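As a plain string of letters, each chain reads:
Protein chains: 2
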Amino acid sequence: MPYDRVKFHRMLARDERRMGSYREAIRLAVKPDDIVLDVGCGLGILAMFACQAGAGHVYAVERTDVIGVARELAQANGFADQITFLHDDVRNIELPKPVDVIVSELISKAVVGQGMAELIGHCRDQFLRAGGIIIPHSARLMLAPVQSPERFTKLTFPSAAQYGLDFSLAEQMALNDTTSDKIKPDELLCPPQPTFHYEAATTEGPSLAGSAEFEFDTEATMHGFAAWFDAQLHESVTLDNHPPGITAWDNLYLPLPQPVAVAPGNRCSVQLSARDDADGTVLWRWRTSLTRSAAASASGATDEPQSFDQSTFFALPLTSERLGRPIP
Amino acid sequence: MPYDRVKFHRMLARDERRMGSYREAIRLAVKPDDIVLDVGCGLGILAMFACQAGAGHVYAVERTDVIGVARELAQANGFADQITFLHDDVRNIELPKPVDVIVSELISKAVVGQGMAELIGHCRDQFLRAGGIIIPHSARLMLAPVQSPERFTKLTFPSAAQYGLDFSLAEQMALNDTTSDKIKPDELLCPPQPTFHYEAATTEGPSLAGSAEFEFDTEATMHGFAAWFDAQLHESVTLDNHPPGITAWDNLYLPLPQPVAVAPGNRCSVQLSARDDADGTVLWRWRTSLTRSAAASASGATDEPQSFDQSTFFALPLTSERLGRPIP
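Same order as they appear, the protein sequences are chains A and B. FYI, in this note's numbering the residues of the first sequence are 1 to 328. FYI, in this note's numbering the residues of the second sequence are 1 to 328.
It cannot be assumed that every hint is accurate.
To be verified - Examples of chain A residues toward chain B, derived with CB under 10 Å:
1) Ile67
2) Thr156
3) Phe157
4) Ala161
5) Gln162
6) Leu169
7) Ala170
8) Glu171
9) Asp279
10) Val282
11) Leu283
12) Ala315
13) Pro317
Treat the hints as calculated values from the structure; they're not laboratory data. Note that the structure is a prediction, hence the values are computed from the model and not measured. Backbone N, C-alpha and C fix where the C-beta goes; we use that ideal spot for every residue, glycine too.
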């Protein structure tokens, strides 16, 4: 992600759902004279929302050079005296006193991806006063099986016949990687289930895990899962990127290694875990079991249960040099 | 670009125009027992095409970890003994003897972007035998004015009224940045003109420059330029990404800082330059002059000539720390 490019932050600024929900959450949470910490402030929009809500002072932390633009925007908007900008990793900073509110948008399209649990956990433990508020307050990873032949085919390589080359080894790797896209709501095969929960007050990073189970009620072909977040920013203010996603957040697609025929009464269980490193690497693992009912096997499909154990770790090109270094 | 992810290279492998054109160019260029150098080999596809064409030996150079996958693919395809993989920047390697053919796909959506001129120039001067062949042989940057209100609006920030924030400073920066997208052919306002030329045999990197002039024959609103490449890979084998682009290569959009009304007889001249650093940073500059005919001014538009001087350098967030370092 080009977090240091203004055009990336413009995309965020143009997302009315994101902007409106964050502005409302901050308006409700920030009391006059509150001290606020904005973690990963980008252009400083949440910091300026906090000023609009009456904050006494805001500490805005950003590790990329875009903080230079945030400083100038704060000046142009008359908030220069109210915001202190810190150009650093939030794990390196010190603050003069505890803060009342922590705000961030480290939430990624499927909750994890920018080290939110680890970084916000650090700020909570180091900087937040007892009883202080964290925005977002909580988030659930929502998951649903999808039927999406085009999406799956895009992950495959040319056949050996096409150019006289066998790509199967690379294809296996590609089928262990996630992709970002706007998934069509009619690709979802089952109602979504929450799979893991992030609670700003208690979650310790960097790993999150959970499981879900689905029952199919139609004949279909399953090609993987769609994932997204469903967050509570503060009290009644929510924000989600249910398919097809919103401007600022696509959905996440986790493929199966092969298309699987499913039928009414078949069940799919999945165990999902993610390691969300604060330095930007996320490793996903999804273990899927598909079990078939007697009805399904009567319809001609195999009645063998099928299990897959996939991980973006298997999608990483690993050279011997890299194996000599710590795995991200 | 995630050059070290297999899913990125899958996208390249699935582009039939790219694959077919490169395979044909290599088939025509490589003679039995030729020594071939593949610069930035990725999954090693061009190296394997060279083996199929009868190369005596191929040196395949790649600086990302994806070379680990290329090694395994070469083994799976029976080419392990024919290809030597070098995990390094091509500027650091040495070869035992001169090569007959250099192949690469360092060409980017608008010719520059991956340091092609500098890196291939280095390989030509250091490794290519007299009379040796370079693929691609040459490329032109094609440019055309576009009318594209949606594309332009996407670059703007919310109005001051919307959230009580003035983003004009950030918007000015965003309007100095290029974006990548598939531009619709009906967005082009004039026939495209070649603007600068890359000749593998003679071009010295890292900077390329040129100019073009257009005359409008309709009333329209101009929102910037579309740019793409038109390349000759070898002899009669060509490859281009004329709008709407192809799988592996989008088009490039260079905005004007504001929409400009144009009319029949109006002219637009542009001077375009790009500094294409081998380490991956590209800086564009485009200077545009619009002149109006008497007919245009009679139609009510201003007859003042308009000039704009834009650069992606103005889109870079520059902090004092960064200014202390060499500008990319």
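Going down the list of hints, with the structure as the test:
no., hint, result
1, Ile67, "7 Å, holds"
2, Thr156, "8 Å, holds"
3, Phe157, "5 Å, holds"
4, Ala161, "13 Å, violated"
5, Gln162, "8 Å, holds"
6, Leu169, "6 Å, holds"
7, Ala170, "5 Å, holds"
8, Glu171, "8 Å, holds"
9, Asp279, "15 Å, violated"
10, Val282, "13 Å, violated"
11, Leu283, "13 Å, violated"
12, Ala315, "6 Å, holds"
13, Pro317, "4 Å, holds"
The structure fails to meet hints 4, 9, 10 and 11 from the earlier list, while all remaining hints are met.
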